[in-house]
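Novice: The residues making up each chain are set out below.
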Amino acid sequence: MPARALDETDRALIAALQTDARQSNQAIANALGVSEGTVRSRIRRLEEEGVVRITTIQNLAALGEQAAAYLWITCDRSRIDELGRRIAAEPGVGFAAATLGRADLLAIVFRESPGELVRFVDEVVKRLPGVVDVRTEPILEFVKNDVRWGLVGGGDGSRR
Amino acid sequence: MLASAANDVNLFVVRVDIRRGLGPKPVEGAGPGDARSLQGRAMDRTDERIIEVLREDGRASHRAIADALGLSPRVVSARLDGMVARRELRITAVADLFEAGNDLVLAVGVAVRGRPTLEVAEELARLEEVCALNVVSGEFDLEVLLLSKDHETLRDFVSNRLSSIEGIERLSPALGLELFKFESSWSRF
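First to last, the sequence lines map onto chains Z and L.
Letter 49 of the first sequence, counting from 1, is numbered 49 in my numbering, and no numbers are missing.
Letter 124 of the second sequence, counting from 1, is numbered 124 in my numbering, and no numbers are missing.
Hints listed in this document are in silico derivations from the structure and should not be mistaken for laboratory results.
Glycine is no exception: its CB is placed at the ideal position from the N, C-alpha and C atoms.
Check before you lean on any hint, since a few could be wrong.
Residues on chain Z that point at chain L, a partial pick, calculated with CB under 10 Å [as the list claims (entries may be wrong)]:
1) A15
2) R22
3) E49
4) G50
5) W72
6) D76
7) G94
8) A96
9) A98
10) L100
11) R102
12) I108
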C-alpha cells in the first residue's frame, strides 16, 4: 500500500488535533481558514482511512507503578507473522514488530508489577508454539515517548 | 514526516524512575516542563468508563458519552474537565507513522561509555527522529525507537546527528520488517 500523499490541509488539521483533540470543528476551521464542513469531512476521512486515531493518553504518574520491558524473541521463522499478531493482541503490549537483526520479534510490554511481567513472559510468551528463546530487557527509566505517532492503519501485512 | 507542522505539546520527554516511584524531571528544551506531581488519586469506575468511551472515539460529544453510560452530560463534562485539569488524562490525535511519510522503523540498542547514561539519553531524546527512548539494563544502556522517512534520511541521521553525540560507544540496530502494533496509551505530562 503506497503511502498516501497528505496535503497541507490534512497536515495542518492533524497538527491542530495533536494540540487539542477536543476543540470544535468551527475553532479548527477558523484557525485553518477553511469551512467547518471541510474540517468535519476531513476528520472523518482521516479516521476512516486509518491515518489518524483520536484517543486518550493517560499520565503514567496517575497509573501508579508499572513494570515494562523489551522482549527480544527468537522463534521458528515460518511462524513470525502468526506469533507477532498473537503477541500484539495480548493486553499491555504497546509495540510488536518482526525484526531483522538482534532477534526475530520485538515486543514492548507494560504490566502492573515486575511479578506480572515475569508471569507474562514465562506463562504466555515462552509457551507459544514456535518461540525458541525470549531475552527480557527491563526498562529502568522512561525517557521519551512521542505519542504523536503510532500504527493506526492496522498492520495489514506487506511492509507494515 | 509531519515534523514541520507538529508542535511539541504532545512530545513528552521526562525521566521517571519506575523503582523509586515518581520523580518526573523534564528534559530541558524538550516539551512542556510542568513537573507537578500527582497524588495517584485512584480513578473511580465512572472515570474509567468515560476513558473507555473516549479511547475509542476521542471526539465523542459529552452528550454521546452521557447517553452511552447512562449519565448526565453535566456529570461527563465535570468528570472529564477534572481528569484533564489534574493532568491524569489527555485526549489527542495519533497519526499513522507510515501515512505521515515514514518508511523505516528501527529499534536501536545503544551502549554508552565515558559519559553518564542519562546525559546521552537526554541529548538523544531531543532528536525528532527518536520516537521513543528508554534506559534499560543488560547488554545495552539505552533503547531507541527510530523513525525515518527513507534510507537517505537515515544515513544522514546516523552520520551527521548521531556521530556528534559523545558517549555512544556502540549501536546495534534491528530493522522493523513488519509492524503488528504500535499504540501508546500512556505518557508523562
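Novice: Does each hint hold? Answer for all of them.
Specialist: Going down the list of hints, with the structure as the test:
This hint holds: A15 (chain Z) has a C-beta 4 Å from the nearest C-beta of chain L, less than the 10 Å allowed. Interface restraint check for R22 (chain Z): the shortest CB-CB distance to chain L comes to about 5 Å, inside 10 Å, so the restraint holds. The beta carbon of E49 (chain Z) comes within 8 Å of a beta carbon in chain L, closer than 10 Å, and the hint placing it at the interface holds. A least Cβ separation of about 6 Å between G50 (chain Z) and chain L falls short of the 10 Å threshold, and the interface hint therefore holds.
Annotation: W72 (chain Z) was flagged as interfacial toward chain L, and the flag holds, the nearest CB pair being 8 Å apart, inside 10 Å. The interface hint given for D76 (chain Z) is broken, as the beta carbon of that residue sits about 16 Å from the closest beta carbon of chain L, more than 10 Å. The criterion of a C-beta within 10 Å of any C-beta in chain L is met by G94 (chain Z), whose closest approach is roughly 6 Å, and the hint holds. Given the 10 Å rule on beta carbons, the hint for A96 (chain Z) holds: about 4 Å separates it from the nearest Cβ of chain L.
At its closest, the beta carbon of A98 (chain Z) sits 4 Å from a beta carbon of chain L; the interface hint therefore holds under the 10 Å criterion. At about 4 Å, the closest approach between the beta carbon of L100 (chain Z) and any beta carbon in chain L falls short of 10 Å, and the interface hint on this residue holds. Among the interface hints, the one on R102 (chain Z) holds; its C-beta lies about 4 Å from the nearest C-beta in chain L, closer than the 10 Å criterion. Restraint check, I108 (chain Z) versus chain L: the minimum CB separation of about 8 Å is within 10 Å; hint holds.
Taken one by one, the earlier hints fail for this structure only at number 6.
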